[in-house]
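Starting from the known structure of chain A, arrange chain B on it as the hints suggest.
Protein chains: 2
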Amino acid sequence: MSVPSPWFDPDDDRMSRAAWSRMTEPDDLGAARLVTRYGAGPALGLVLSGGDRTVGVEDRWRARVAGLDPRRDLATLDRFRGRLIVPGDPEWPSLLDSLGERRPFCLWARGAARLSDAARRAAAIVGARASTEYGEHTARELAFGCAERGISVVSGAAYGIDAAAHLGALACGGPTVAVLACGVDRPYPRGNVDLIERIADEGLVVSEVPPGSAPTRNRFVHRNRLIAALAAATVIVEAGWRSGASITAKEADALGRCLGAVPGPVTSAASAGCHRLLRDGAICVTTAAEVAELVDPIGSAAVQQPPLVRALHDDLPEVDLRVLDALPLRQPRPSTSLAAVAGLDLPTLAASLGRLELLGLAVRTPRGWRRSPTSG
Amino acid sequence: MSVPSPWFDPDDDRMSRAAWSRMTEPDDLGAARLVTRYGAGPALGLVLSGGDRTVGVEDRWRARVAGLDPRRDLATLDRFRGRLIVPGDPEWPSLLDSLGERRPFCLWARGAARLSDAARRAAAIVGARASTEYGEHTARELAFGCAERGISVVSGAAYGIDAAAHLGALACGGPTVAVLACGVDRPYPRGNVDLIERIADEGLVVSEVPPGSAPTRNRFVHRNRLIAALAAATVIVEAGWRSGASITAKEADALGRCLGAVPGPVTSAASAGCHRLLRDGAICVTTAAEVAELVDPIGSAAVQQPPLVRALHDDLPEVDLRVLDALPLRQPRPSTSLAAVAGLDLPTLAASLGRLELLGLAVRTPRGWRRSPTSG
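Residue numbers (the working numbering), protein chains in the order written: chain A, 1 to 376; chain B, 1 to 376.
So that you can see chain A by itself, here it is in the shape it has in the complex:
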């Protein structure tokens, strides 16, 4: 069965990605693989021409092929002075590519800020909707301090901690990015419409689902991977024992991003999730300065590293010099990531780290390894 598609042009990557965004639900790995293999346009052509499983076309997409017309969605976006951001655009943040097959097809965006700029130095500050005054106060303070330091605040525009984080950034005139689980033309939750409109004016509101889309449970779950991916560090301010914020925390951790958690009274159920994260290795965060430490790019270590170091360690074996070069000065890096940077297998890396530790040049921390402060 083939559907007539007057708008369809296999060479129009942007239009095709808009169509994929409409046709699929977030995190559809089958769709991602098809688009990766053939390109968004040709892959869409396979679906429109009635292709079947033998070419990788899934039945679940067919239900949305009938009325499919991305021109309508783009026109809606236009009415809201929005824009579609797709991979390859100068505004596309390369951080999203770290999602691999889970990378969104595109982002529907409204707002004055440039997404790639905002993501260059960003902290995700998220937490429970059922927050306390303490949590909201802390989220606001941390976000304000981030904005003061030129760090964008990414969050989900939900009630509670998310809203407090956006407000804190806005209060300082800093850029803030709201990642929605619904269309950018229909802000949710309704009680935060004014806040979201203000973010669309002064910051950026983005979503991977097209205009008009309702926020479903599934979309909320997968939205969290975008929040984690867009920021160098994710900080959880308050979270119950089972909480949406803990999904964002897991995503951040899985992506190798820094994960911080704000402590609170042990008597507060709203902090139970944060304390669990702290027990699982998240970094204890109490001030905006500590958030900034998590955000500062790993590469900044190289800038601060005095040129003398290499000379001082001339008699180290070559492999240890490579590991030393790969060790960040400040923000610790996990072994797996170090192995990748140094281009070594884990046992070789581990042996080298052991030697460097003995020499006082490497320091093991809860979040991985870094150079010893005295090594430079």
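Derived from the structure by calculation, the hints contain no laboratory data. Model, not experiment: these values are computed from the prediction. Just to be clear, a hint being listed does not mean it is correct.
You can't tell identical chains apart in this list, so a pair holds if it fits in one copy or across any two.
The list that follows gives simulated cross-link-like pairs (lysine to any residue, SDA-like), each with its CA atoms no further than 20 Å apart [to be verified]: (1) K250 x R364; (2) K250 x V363; (3) K250 x P334; (4) K250 x Y38; (5) K250 x L74; (6) K250 x P366; (7) K250 x A75; (8) K250 x L167; (9) K250 x R33; (10) K250 x L95; (11) K250 x T76; (12) K250 x R114.
Using the frame of chain A, we list chain B on its own:
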């Protein structure tokens, strides 16, 4: 210059240790070395007979030789129904031996509890004198829960967190040990006299300084090493940024004991020290059950370890089997300690841990390494 000493008997180790305790200040390494080399009695003989630096006798001890008569101190102790506990006594807790040269000569003790029993499964719960109601409430709850689980609570009988911890344990009828920086016959602080007398009735009050001694700053500082040494885990409940509790924390860490810190509001100065400890790798503790996890002896891992494990990993190299055997099942162990247990140098250990990590048999945690839950 020789002083007549009618009480002196070089073969009386107990009396000689009482004399050393009176003659020196805590943590006198010179005295410890002399006693280790010659034994307490003969070393004391060297001092009494006017020995000099050539035999290791330090001038600083002479000031107290003149009136030295340990029989008086022992008589005072007797009046308080106390006893002197010395190394070699069945009641001497072997945990204190991990202090090495910093081990006290003896402990002056009052109370019904047996020190070796109390120390067998103990948690030190300590913190700020300038505590908040939140901190005191939490200390009481944790101590009560420890007592419920048969875990002794060791603390310093100070105002604030220490007192709350002792009270929590007493409320549950559990054993609690107060380690004083002054003589056990002159409780300090005065406001806690009733509490300390109650501990002397139902638990145990100990000190390394003889009866009548005043609590000096120096004695407070070194007293903290005894608190840390007597417990398998130290938990800091509230502590300011610079705090005596952080000395106890450092001692616990240096002794390879588990270190926990209780989080609190980031807005509370009384929790700032705890949050710093959490950032430095202390384990976040929020419940008595979590304290118990820290206390449960490392050896308990072996008990829970199914006998199949070794068979399953028969084809591992011998060195990896040794490391696997040394890995605790629950409570992580730092590399330096693992190297000691497995009898390997750090690089060899690190390489082996790398292989075991790759195989999914070892897990790196903020506090060191443990077996993977799936490895058994």
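Check your understanding: In ascending order, which of the hints set out earlier in this document are inconsistent with the structure?
Key -> 4, 5, 7, 8, 9, 11 and 12
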